[in-house]
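Number of protein chains: 2
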Amino acid sequence: MTGSLTDRRARLLGPGVPTFYAAPVHIVRGAGVWLWDADGRRYLDAYNNVPHVGHAHPKVVAAVSGQLATLNTHSRYLHDAILDYAERLTARMGHGLSQVLYVCTGSEANDVALRMAQAATGQTGLIATDAAYHGNTALVSAVTASRTPIGGRPGLARLVPAPDRPGAATPEGFAAGVRAAVAALQAEGHGVAAMILCPYLANEGFPDLPAGFFGPAAAAVRAAGGLVIADEVQPGFGRLGSHLWAHDRAGLVPDIVTLGKPMGNGYPVAAVVAGTGPMAAFRDRFRYFSTFGASPVAAAAALATLEVLEEEGLQARAAATGRMLRERLAALVPPWRATVRGTGLFLGLAFPDAAAARAIEDGLRAEGVLTGRTGRDDAVLKIRPPMPFDAGHADTLAAALARVLARTPPPS
Amino acid sequence: MTGSLTDRRARLLGPGVPTFYAAPVHIVRGAGVWLWDADGRRYLDAYNNVPHVGHAHPKVVAAVSGQLATLNTHSRYLHDAILDYAERLTARMGHGLSQVLYVCTGSEANDVALRMAQAATGQTGLIATDAAYHGNTALVSAVTASRTPIGGRPGLARLVPAPDRPGAATPEGFAAGVRAAVAALQAEGHGVAAMILCPYLANEGFPDLPAGFFGPAAAAVRAAGGLVIADEVQPGFGRLGSHLWAHDRAGLVPDIVTLGKPMGNGYPVAAVVAGTGPMAAFRDRFRYFSTFGASPVAAAAALATLEVLEEEGLQARAAATGRMLRERLAALVPPWRATVRGTGLFLGLAFPDAAAARAIEDGLRAEGVLTGRTGRDDAVLKIRPPMPFDAGHADTLAAALARVLARTPPPS
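So the protein lines, in turn, are chains A and B.
The opening residue of the first sequence carries number 2 in this note's numbering; numbering runs sequentially from there.
The opening residue of the second sequence carries number 2 in this note's numbering; numbering runs sequentially from there.
These are calculated hints, taken from the structure and not from any lab test.
Accuracy of the hints is not assured; some may be wrong.
No copy labels: a pair is met if it fits in one copy or bridges any two.
[Said to hold, decoys possible] The list that follows gives simulated cross-link-like pairs (lysine to any residue, SDA-like), each with its CA atoms no further than 25 Å apart:
| # | residue 1 | residue 2 |
| --- | --- | --- |
| 1 | 60 | 317 |
| 2 | 60 | 7 |
| 3 | 60 | 32 |
| 4 | 60 | 379 |
| 5 | 60 | 5 |
| 6 | 60 | 167 |
| 7 | 60 | 89 |
| 8 | 60 | 91 |
| 9 | 60 | 337 |
| 10 | 60 | 71 |
| 11 | 60 | 312 |
| 12 | 60 | 88 |
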């Protein structure tokens with residue numbers, strides 16, 4: 002069955018469409034933090050952040066289904082729900098981030114955010130880290146290290162050393178890379194429109210950094226007239242436990258925030274949130290309209306997801322579960338020369354190399370626990386489950402990891 | 002109510018978010034070809050192509066709702082439905098267009114298609130008409146006449162005279178513009194990756210053109226090593242009645258086809274369809290992954306939409322209704338110096354100027370019939386209803402138009 006699915010994928014989708022694990026999983030059903038494969042085997046989902054409040058959450062399913070049966074059209078007609086959501090979202094954001102532009106994907110959100118910064122500043126240069134992933138459009142690939150744009154990386158994009166690079170692990174060291182990029186962009190006439198960062202550095206392997214780490218870098222960007230874009234597509238919506246937004250945990254005040262994956266619990270909705278200045282600059286300069294972005298169904302999905310997050314107290318639970326799980330993991334991994342990192346329900350095990358991380362990832366998959374990998378070299382095991390993941394699930398994960406470690410010899 | 006909604010939009014979404022009509026409509030419910038506003042007033046929808054098989058079609062709603070309650074995840078796990086849909090879709094396409102890349106929006110589809118052509122040809126130049134709209138990402142705005150990219154239109158993009166321009170109304174005249182663009186792109190070292198066209202020229206006001214019109218232009222692009230991209234986001238999926246795809250009606254053989262709006266009856270799903278060569282070139286060159294694009298829910302929406310289209314014989318109905326409606330319209334508009342154009346359920350009334358078209362559009366809205374406008378100067382009234390639009394609905398539209406015309410003095 003799975004063999005034939007793999008063949009059909011190659012025939013119908015083309016080569017190189019990525020799957021997880023040496024033995025890909027054929028998933029057919031999900032509920033809460035659990036997934037089931039075609040043979041009825043159950044897996045603990047310790048990876049997926051898109052089903053933020055849980056796979057197939059009944060309240061979100063009901064909200065989306067009810068709205069689909071009622072009306073699914075676009076924002077050239079008036080509708081309440083997109084405004085109701087914008088009101089609730091911006092009320093939870095602060096920093097003057099008071100207006101919302103709806104799109105469908107995090108990639109679209111970042112594609113708009115970069116241009117919003119260009120429109121607002123009158124400059125075009127863009128800065129990101131050299132291990133970042135911000136999405137898959139042509140423009141966004143220019144600020145994505147792992148995807149060289151077709152046609153080459155344009156001169157207006159500069160990738161600066163992420164904190165795992167020599168000298169970049171301190172606030173001043175990181176800022177030195179940003180200052181060099183600013184100078185180069187200015188020398189070439191681009192100027193600086195924006196620095197875009199995931200405030201948790203999710204794709205950079207999320208090293209534990211002190212609050213305020215990005216302060217000197219942000220100051221350098223602002224001194225050059227540029228804006229700061231916080232990409233909250235992965236760490237946002239309470240996942241970190243201590244804060245609703247990763248930029249607040251990092252002590253970074255953004256001019257523009259982008260949202261995606263978890264926003265609609267799987268329904269394709271994403272957003273750019275900004276103050277009135279950048280939003281007006283973009284809307285005036287580029288008459289933007291998204292057919293699917295600001296639909297009543299997208300708003301229903303986002304509203305229900307936010308309501309469940311708050312009603313079920315999932316942010317506080319993420320804090321508590323994450324604290325307990327981090328301790329459990331820290332006790333297990335020392336023989337592997339691995340280290341634990343992260344907070345809330347976004348934890349990592351940094352292994353010495355990708356092969357070691359991959360062995361554990363595949364071992365956990367065999368044990369019925371789904372995780373992933375991230376970081377510059379994919380050497381960080383990524384634990385980023387749906388938010389209903391609780392202490393019992395953390396026990397299950399830790400026990401499975403103990404079994405995998407016990408039977409897998411550490412690198413010598 | 003509507004006044005307050007307008008104020009809230011300005012406050013929460015920023016300035017200039019477009020609405021239709023001098024008096025925007027506050028829609029709260031839809032079914033089939035009908036929409037209802039907050040006061041319970043019913044409108045005949047003669048505009049929206051996104052709800053392709055009808056607003057809130059029960060079969061599509063059930064398919065999406067059922068899949069949402071079962072599983073909504075991504076293509077890094079194996080799943081049947083995205084393959085089942087790819088198989089059925091490519092079986093209905095021909096021309097060696099055998100593989101599918103799933104995305105969420107028509108903009109994302111065109112952003113990929115342009116880069117797919119660049120990857121396949123090793124050249125970067127892009128050609129579109131000077132009245133085209135292909136979407137809203139940064140790259141796609143380079144080939145969209147009505148949206149100048151922020152930072153200016155890049156040199157690799159050339160906009161050629163659409164057929165309403167002097168000299169461009171014949172196949173050879175249109176091809177002359179394309180040949181000039183090819184020469185300019187070659188002279189500047191870009192070469193030609195692709196010409197992208199809506200084969201119906203939907204945003205160019207869809208002039209009635211003979212089959213084969215694009216032949217000489219396509220030959221010029223291919224002689225330079227470039228590919229032809231057919232943007233079927235608006236006219237595809239049987240809307241034209243005579244053919245499932247506008248490129249087949251136009252006698253244009255594309256290398257890449259992009260699909261969007263009607264594909265999932267409102268669920269955000271879109272696709273790039275190509276032969277094995279261009280698909281492999283892109284997938285090898287750019288490790289593409291879309292979180293939401295190839296989800297089981299997106300596939301369920303697209304599958305159900307295609308099944309309803311075929312089960313209910315909507316393409317044949319579009320042909321018949323469109324023929325009848327075109328005749329009715331043609332009999333009404335001569336005093337206005339307007340002309341009828343189009344085929345199937347994609348018809349237009351070309352007025353002498355935008356003000357005239359706008360007066361009729363607003364008059365129809367007051368009569369409870371929703372239409373839109375298109376063309377370089379927005380002077381073409383656009384009639385593009387959901388596909389269940391039948392002869393009775395056409396009668397309603399024609400009668401409303403007769404009343405509007407009777408009370409609106411023609412331009413002197």
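Against the structure, the hints come out as follows:
1. Proximity of residue 60 and residue 317 under a CA criterion of 25 Å is satisfied intra-copy only: 20 Å inside one chain copy versus 40 Å between copies.
2. Taking the closest pair of Cα atoms, residue 60 and residue 7 never come within 25 Å of each other, the shortest separation being 34 Å inside a single copy and 29 Å across copies.
3. For the homomeric pair residue 60 and residue 32, the shortest alpha-carbon distances inside one copy (12 Å) and between copies (24 Å) are both at most 25 Å.
4. Taking the shortest alpha-carbon separations for residue 60 and residue 379, neither the intra-copy value of 35 Å nor the inter-copy value of 43 Å comes in at or below 25 Å.
5. Taking CA atoms no more than 25 Å apart as the test, residue 60 paired with residue 5 passes in neither setting, with 35 Å inside one copy and 29 Å between copies.
6. Proximity of residue 60 to residue 167 under the C-alpha cut-off of 25 Å is found in neither arrangement, the shortest distances being 48 Å within a copy and 58 Å between copies.
7. In the homo-oligomer, the alpha carbons of residue 60 and residue 89 lie at most 25 Å apart inside one protomer (18 Å), although the nearest pairing across protomers, at 33 Å, exceeds that limit.
8. For a Cα distance limit of 25 Å, the shortest separation of residue 60 from residue 91 inside one copy, 22 Å, qualifies, whereas the shortest one across copies, 36 Å, does not.
9. Taking the shortest Cα distances, residue 60 and residue 337 never come within 25 Å of each other, neither inside one copy (42 Å) nor across copies (53 Å).
10. With identical chains, the CA atoms of residue 60 and residue 71 are at most 25 Å apart both within one copy (16 Å) and between copies (13 Å).
11. Taking CA atoms no more than 25 Å apart as the test, residue 60 paired with residue 312 passes inside one copy only; the shortest distance there is 11 Å, against 32 Å between copies.
12. Taking the shortest alpha-carbon separations for residue 60 and residue 88, only the intra-copy value of 21 Å comes in at or below 25 Å, while the best inter-copy value is 33 Å.
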